[in-house]
Structure formats: structure tokens, C-alpha cells
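**Student:** First to last, the protein sequences are chains A and B.
Count along the first sequence starting at 1, add 29, and that's the number in my numbering.
Oh and the second sequence: position 62 is 58 in my numbering, straight run, nothing missing.
The set of hints was computed from the structure by calculation and includes no laboratory data.
These figures come from a predicted structure and were not determined experimentally.
Quick reminder that beta carbons are idealized off the backbone N, C-alpha and C, glycines included.
You may find that some hints are simply not true.
[Said to hold, decoys possible] Only part of the chain B face toward chain A is listed, based on derived beta-carbon distances under 10 angstroms:
#1 121
#2 173
#3 233
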Amino acid sequence: MPPPLRSRAASQPEAPLLEVVNLTVRFGSPVGEVHAVEGVSISVGAGETVGIIGESGSGKTVACMSMTWLLPSPPARYLSGRITFKGEELRRNDEAQLRKVRGSGVGMIFQNARLSFNPAYRLGRQIEEVLRVQLGRSARAMLPEMVQTLRYCNIAEPEAVLGKFPHEVSGGVAQRVSIALALLSRPDLLIADEPTTALDLLSQIEVLSLLARLRDESGLSLVLVSHDLGVVRRIADRVIIMYAGRVVEEGPASAIFAAPRHPYTQGLLASALQQGDGERLYEVPGTPPDLASLPPGCSFRPRCPFAFDRCVTMPELAPAGATHQARCHLLERATEHA
Amino acid sequence: MLSYAAKRAAAIVPTLIGVSLVTFALLHIVPGGPVVAILGMAASDPKAVAAVTRELGLDRSLPEQYWIWLRHALGGNFGTSTEFHVPVSTLLFPKLAHTLVLTAGSLVYAVLLGLALGIATALYHRSLFDRLAMLLTLIGASAPVFWIGLLLVYLFAIRLQWLPALGMTSLIGPGGVLEVLKHLILPAFANSIISLAVIARIVRSSMLESLVQPYVLAARARGLPRWRQVIVHSFRNVLPDAITITGLQVGFLFGGALFVEVVFGWPGLGYLIYSSIEARDYVTMQAAVLIVSAVFVVVNLAADLARIALDPREVHA
């Protein structure tokens, strides 16, 4: 495994670049209301890299998409939440303001980069369209910069790639083109939603090193969403663990990986770290919860090896160190016993 | 593609032969026959009947009659109208032009309004507007065109008196293009309603699929304005479906125009067929039906070929 890459700006005491406070997002569905995100608060400092970890259905993607109120409503129902970007509140219905922030303030790359491009147009045309709309510059004026940025993103033959349709390039190339497109708008924050999940191993490493290089060289803030601990561990300064729509643990990457406090995080780490040592693989027991009918109390209770009587009530996110928090009743019990 | 087009084009020959046989048979199936129609009261005189029968060639064998008629028709000679006493071809072709103008006008309505309605209902999916529009398209697609035509005449020509219901005479009349357009508004709209409804429904369902594609969300995330997400990105991928369904509507609109012409007194082939039936002008009726059928077959062939050109997979389907 390559050595972990660490950002130069490990922690920033100043006001965060982007702050999400108490976000709640639900979706109507035939089987009941899906509680996708419940009271989530996330802040991202300037130059900081935040990793968000969770299994599918943990709300990590919905939380990220909501950072620029991206999900159309309906079907999404935003029940609460306040988002500030560079000190300015993002108003959910202010399309003009959001349009300025989307792309040029907050860039976004998606899990399946090829699907994030329109199959009917060549890649070059789609990049030009975004730049023309955002920066008001002609394609000809932008071409040198486009080529340069694609090259920076390890695209060997930028001119050739610009002339191709999305289905004519590999997933790895498409992802690097989408990163280049995001960079061309010069955002302050890049949100990457499972950017390597749909890629083969070599492309994964390439895209991941590109993101790490970006963060180191450009001072860009990065939110990296993944279910893959290895990916997050390599580049995140701070880690947020989500489970069933809630933040269950949050802290500096070093603290989380060295001393996880929530049983779910411990389970995730155990299942990730044991890989390849010949023993039986450990996995978090049980199945992910049904977000349309969550049990009362702690959502992890049905799968938790340490569940006890107090877990029938929902625990609060409580300090587990100077900058480390976890949502678990075991924390209280530990302090009571001490 | 080319060989398929040739095959498909060759396949219309038997269809056209069948059409000509049926059209030819019309003359001999209808009661009374042309001789009585021409002579009227004089049909009681056997001498006159024999003379007219010979003049029309009706004393020859049926295959012989068919062959003579077909040969002349292919050469553009459809005989002489028994009502107007002029060559049928001089009646027919100006009327065909009128019908094609009405068809084209209907197509403009069906495409423009159908697309607009389809896109708008997809954008406001499940809203009151969407439900109401879908109900109206269902009713519109189920209603006969002549009934819709009568309703429109009653509302816009008689009650509101905004537009003329009748009075269209010729494309090259004194009022010029503006006059033609004024007369075109109501009949073209009446004729377009079914196709409009069909196009709106197809476009709506394709748009609903296309609007939730990841590339539309990505376009939004990249800061593109809403209209670009909808038109440049969503609609572009609906276009093949829209073109296919529109092609299939052309023949349908041509057929519908024939009915609408009668309601609005539009001097086209439909009105010609209608008035020649009334006047028992079998020669004219026969020629008009033949031309209508031939145009219908050719239009459908063209639509089919256009669709295949857009989607080469169809060739092997």
C-alpha cells in the first residue's frame, strides 16, 4: 500500500469554508418516508480534507449533494438545515445564488463519471458549455487552459479526448476529465462522491493520487465520500462516520483510525484491517437498517455486540476527546465507571 | 441501410396494386353505376344507356377495363369528370396541394404544441396542471376529428367570431398567404389534436426518464441554468423518440385532413371525394381515392425510412 498522504493544513481554527448545520432530508416512498439524513452537521475548513465514511444508505451521498441544495425537491424533502459557504448563507430557493456557487464555488464529481456526461455530446463540447456559462469565455480562448488542465489530470492526449463521446473513454479517463472540468471553474471546495468506486484498481490509485496532489498543490478543500476506509485513510485530515442518516463518530483521521470509539467504526476497521491475513474475514454482523422504519433508540442497536438497556434511547453526539466525538451510550458508561 | 430501403420501397408495389384493384372495383360495386348517374332521368332510354356504356368503355371485359384505366392513370389521365366535364387530373392536383397544406399546418401544431406540452407536463410531473393536461390529451386522442372540428367551428367561428369556418377557396386567391393562414388556423388545429396528444404523451414519458439521468444532476451541479438542464441535456436525448413518433403521425394527419376538410369546407381531396360521392361523380371519386391511398402509402414509407436512418438498429429488428 502506498504511504499515506497528509495535507499540510491539518487543522484550521478559523471560520469554516462550508458549514452544514442540523440538516434533515427525507424522501417519500411507497413503503413509508425514508429518513435519509437526520440532523447532520458538517463543517469543512479552508484547505481541509474531510472524509465521510458509511455504507450504502447511510445518507453520506444525500448529505453531500445537499451541501449546495442539489437534490430536486420533490422528491427530496428538506425538513431542516442551514448551510453557509464563505460566510454567506445558501438559500434553498435562490437559484441565481446557488447557480453561482455550484461549479465555481463548490465543484462536484460523481461515482460514475461517464454517466455524469451527456451521451449525446462530445466531452469537449460539454466542458466548453460549462465554462461559457460560468466564466463567459469562448471555447477558443479557453482551449489552452483546457488542454493544460487535462494534462495536469494525467490525460495523455487532451485534444483527442476532447473530441470523444463519453462512451468512447474508459471510466478512469472520464473521472479525470470530470475532475479537470471541476478544476477549470476554480472552485474552493471539491466534493467527490465515491470517485473511485466504479473504477478498476489502477484507475482508483491514479484518481486518488490526483486528488491528493490537488489538495496539496492547490489549497483546495476536499470532501471525500467513500465506503472504503483505505481510500479515506490515505488522504483525509478529518473523518466523519455516518450510520442510518446520522453522524455516529467524528474526529481527526489519526484518532479515528487509532482509537475508534463507536462500535460501528470499530467493526468497520476490524473488517478492513483483517483483510489478507489468512484468517476468517470479520464483518459487521447484521444488515444495514431500513431507513423507512428505523428502530427506536440507537439505530445501530440491532447489530451492536455491546448493546445494553440504555440503547433504547437515541444517544447524543458526545465528546470522546479534545476534537473527537461519538454517538454512543458506552461513552457515558466509561466516564461513569472512571 | 440502402438495401433495406430498397426492399422496403419495393414492398409498397403490391400494396399499390391492391389499392388500385379496390379503387377500380368501387366503380362496379356501387349500386346504380355511373351510367345511371350520368344520364339521370334519361336512363330509361336503352339507346342512350348503350351509347354512354360504350363511351365509358363499360362494354369491355373487366380485366380489359382495369388495364386501360390503370395505364391511363399511370400516365396522369384519370378520365373526365362526369360532374364538372373537365379532365379529372386538372381537378385533382390543385386539391392535393390544398390537402398537403392542411396536413403541413396540422403537423406544425402537433409538433410545436405536442413538444411544449410534453416537456411542460414532465417538468410539473404529478401537479394539477400535469393531471389536467393528461386527461385532456386522453379525451383529445379519443375524439373523432370531425366532432372536434364542429366544436371549434361553434366556439371560434360562430360564438366568438374570431376566425372563419368556411370560405377558403384557393391557395392563390386574392387574400394572399395571410388569408390562407387565417383559414388554416381552425381546421389545422382540429386535425392536429390526436397527433398532438400522442406526441405530448410520448415526449412526456421520455422526458420523465431523461430528467432523472445522472448527467442532468451533474449539469445542475456544474452550475448550468435550469433551461439548459432541460433543453440542452434532457430534451436532446428525447429527440430520437420525438422524431420517430412525429414521422408516424404524418400519414395519420394526411388521412385526418380528409375528414376535417368536409367540416371546414376546405377545398382539398377529402372535400372533393365527399362532393363527388354526393354528385355520384364516380370517375373523380375513383381517381381521388387512388391518389389519397398512394400518398398515404408513400408518406408512411418515408416516415419509416427516416426512423431507420436515425436508428440503424431498427434495420435488423
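**Student:** Which of the numbered hints are not met once you compare them with the structure shown?
**Tutor:** Going through the list in order, the structure violates hint 2 alone and respects the others.
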